[in-house]
Amino acid sequence: MDWMIEVEGLVKTFGHLTAVDGVSFNVPKGQVLGFLGPNGAGKSTTMKMITGFMTPTAGRVRVVGHEVDEEPIAAKTQIGYLPEGAPAYPDMTPIAFLNFVADVRGMKGAHRQQRLDYVINNVHLEAVLEQPIDTLSKGFKRRVGLAQAILHDPPVLILDEPTDGLDPNQKHEVRGLIANMAAEKAIIISTHILEEVDAVCSRAMIIADGRIVADGTPAELEQQSPFHNTVLIDSPDHGVAEALEAMAAVSKVEGLQGGRFRVYPTDGQAIVTEIADLIRTQGWSTSRLSVEPPRLDDVFRNITNPRPGSPSGHDHGNRGEAS
Amino acid sequence: MATTWAVFRRELKGYFNTPLAYIFIVIFLFLTGIFTFYLGSFFPRAQADLKPFFNFHPWLYLFLVPAIAMRLWAEERKSGAIELLLTLPLSLWSTVLGKFLAAWVFIIIALALTFPMWITVSYLGQPDHGLIIASYLGSALMSGGYLAIGACISAATKNQVIAFVISVVVCFLFTVSGAPIVLDFFATWAPQAVLDAVASFSFLTHFNAIQNGVIDVRDLVYFVSLIGLWLFANLLIVDLKKAS
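In order, the protein sequence lines correspond to chains A and B. Just so we're on the same page, this note's numbering is the position in the first sequence counted from 1, plus 95. Just so we're on the same page, this note's numbering is the position in the second sequence counted from 1, plus 1169.
Derived by calculation from the structure, the hints in this document are not laboratory data. Note that the structure is predicted; figures quoted are calculated from it, not measured. The C-beta atom is built at its ideal place from N, Cα and C for all residues, glycine as well. Treat the hints with caution; some may be incorrect.
As the list claims (entries may be wrong) - Sample of chain B residues at the chain A side, in silico, Cβ under 10 Å:
1) T1172
2) R1178
3) K1182
4) D1218
5) P1221
6) A1250
7) S1260
8) L1404
9) I1406
10) D1408
11) K1411
What the hints assert, rightly or not - Every beta carbon over 12 Å from chain A, so not counted as near; a handful from chain B, in silico:
12) T1187
13) Q1216
14) L1257
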């Protein structure tokens, strides 16, 4: 397969702190890879190394076949990058800023004009083109950063929290924009918003303490939820828990408040039909019977934040965000 | 080259997007006027030349040029825009050079706006125009020297005040190494060769030589290589910061 982004054994240390600790992965064309992870997990640092802003302590990055370390300009030509916080030149207007980026990227003539029109229309910057970036809202600043990143229609897009600070409508639009470009590009986005992964990513990777701790399609990751295929039942009747626990397909029944039970299946199998049958034969009165919706949040919390008392629990959450 | 030009244009326009440019130019013109007419005794000397004007340039640049240079990299590091600049397909040289040249041209614009001095002295007498042209050239070159020092130091920090203070100190050393306060100290005991070596590091020595109307290749080489060296250090610092 032709990889667009190849990352091999990437390590970055700041003094005693290891921000990125041996990260390897490849991204083919057509894939949208979502980086998930707590603050300071090494997502941004990894992106900074892929885009050539930071030199890795060890490891290699290749972008469309160009070694970032050895052919930085060739590699950077292939990349569109939205850095964390969408920095720009505060005194410039969006149109002057985009023209500057077009100049640096050597864009000329009709192609240049067409691309400028395209990004301005699709990112909706028409209204603020002549205002200093300084005076724009957070959402507009983010969109200027996004416009700059996609201006040259790069085969590789690295977007660090592209929807941060946007309102729900704007988030929806940006996700649509990313989804539209997905087929032609290799895209990496980082996000805290797990629903975003479901919405746009074809692959998700959870990074914690500088390491990849989970990697798969969003659906595969959801299966790792401790609540995967669990069933919730509300029933005031007696003996419900005992009867459920006696079922072969049930591994555990957890009593929640107000006569609610959470039923865990054995081996993650779907058990809702069996339970429904049981309810019918027993004649229980139930006000609710539902399969717990798959949630990445649970997977994320489970993986990145082991319960207190577990061996590695103490050193989580005290890493400063590397910048 | 095209990318250097793009960086250059953005930076130069940037000066005029904010009040900074206008304030700098006004203060520069105001101070050159004060220095020339009051401290430099332009009228009492009753000579049709611009010596009192040019003599103060090193001391003026000592504070004003670091004020321009301090923001070159420090501001960009602080705002995060440096991440954008360094991930665009630009060579480090074109970035360093584009930024430096824009700031230099800006200072040269301020310097050029002192032309009424030239008109005044021409009106009052018959000055040596060749000498004045040489002095302007020397002054412009010298400002480039101060600027390259300031740019390099600005690249090392994200704090503009620190960049300013350190630049002033380093520029001061490069200025006074040719002044009597330093040379007299060496003159009593050191051989002439040492004296010459120390003096040859000074902006003053080379600027005075040019001001006397002798455009020696050695003075030009001095300023050009000084600028080149500091810009090279500037580039190394930016590159090293990527790894830290």
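Each hint, compared with the structure:
1. T1172: It holds, given that the least Cβ distance between T1172(B) and chain A is near 5 Å, below 10 Å.
2. R1178: Constraint on R1178(B) satisfied, holds at 8 Å.
3. K1182: 7 Å, holds
4. D1218: Check failed: Cβ of D1218(B) comes no nearer than 41 Å to chain A, outside 10 Å.
5. P1221: 37 Å, violated
6. A1250: 5 Å, holds
7. S1260: 6 Å, holds
8. L1404: Not OK, violated: L1404(B) not within 10 Å of chain A, min 14 Å.
9. I1406: 14 Å, violated
10. D1408: For D1408(B), the interface hint holds, since the closest Cβ of chain A sits about 8 Å away, which is under 10 Å.
11. K1411: 5 Å, holds
12. T1187: 6 Å, violated
13. Q1216: 45 Å, holds
14. L1257: Not fine: 5 Å to the nearest Cβ puts L1257(B) too close to chain A.
Consistency note: the structure conflicts with the earlier hints numbered 4, 5, 8, 9, 12, 14.
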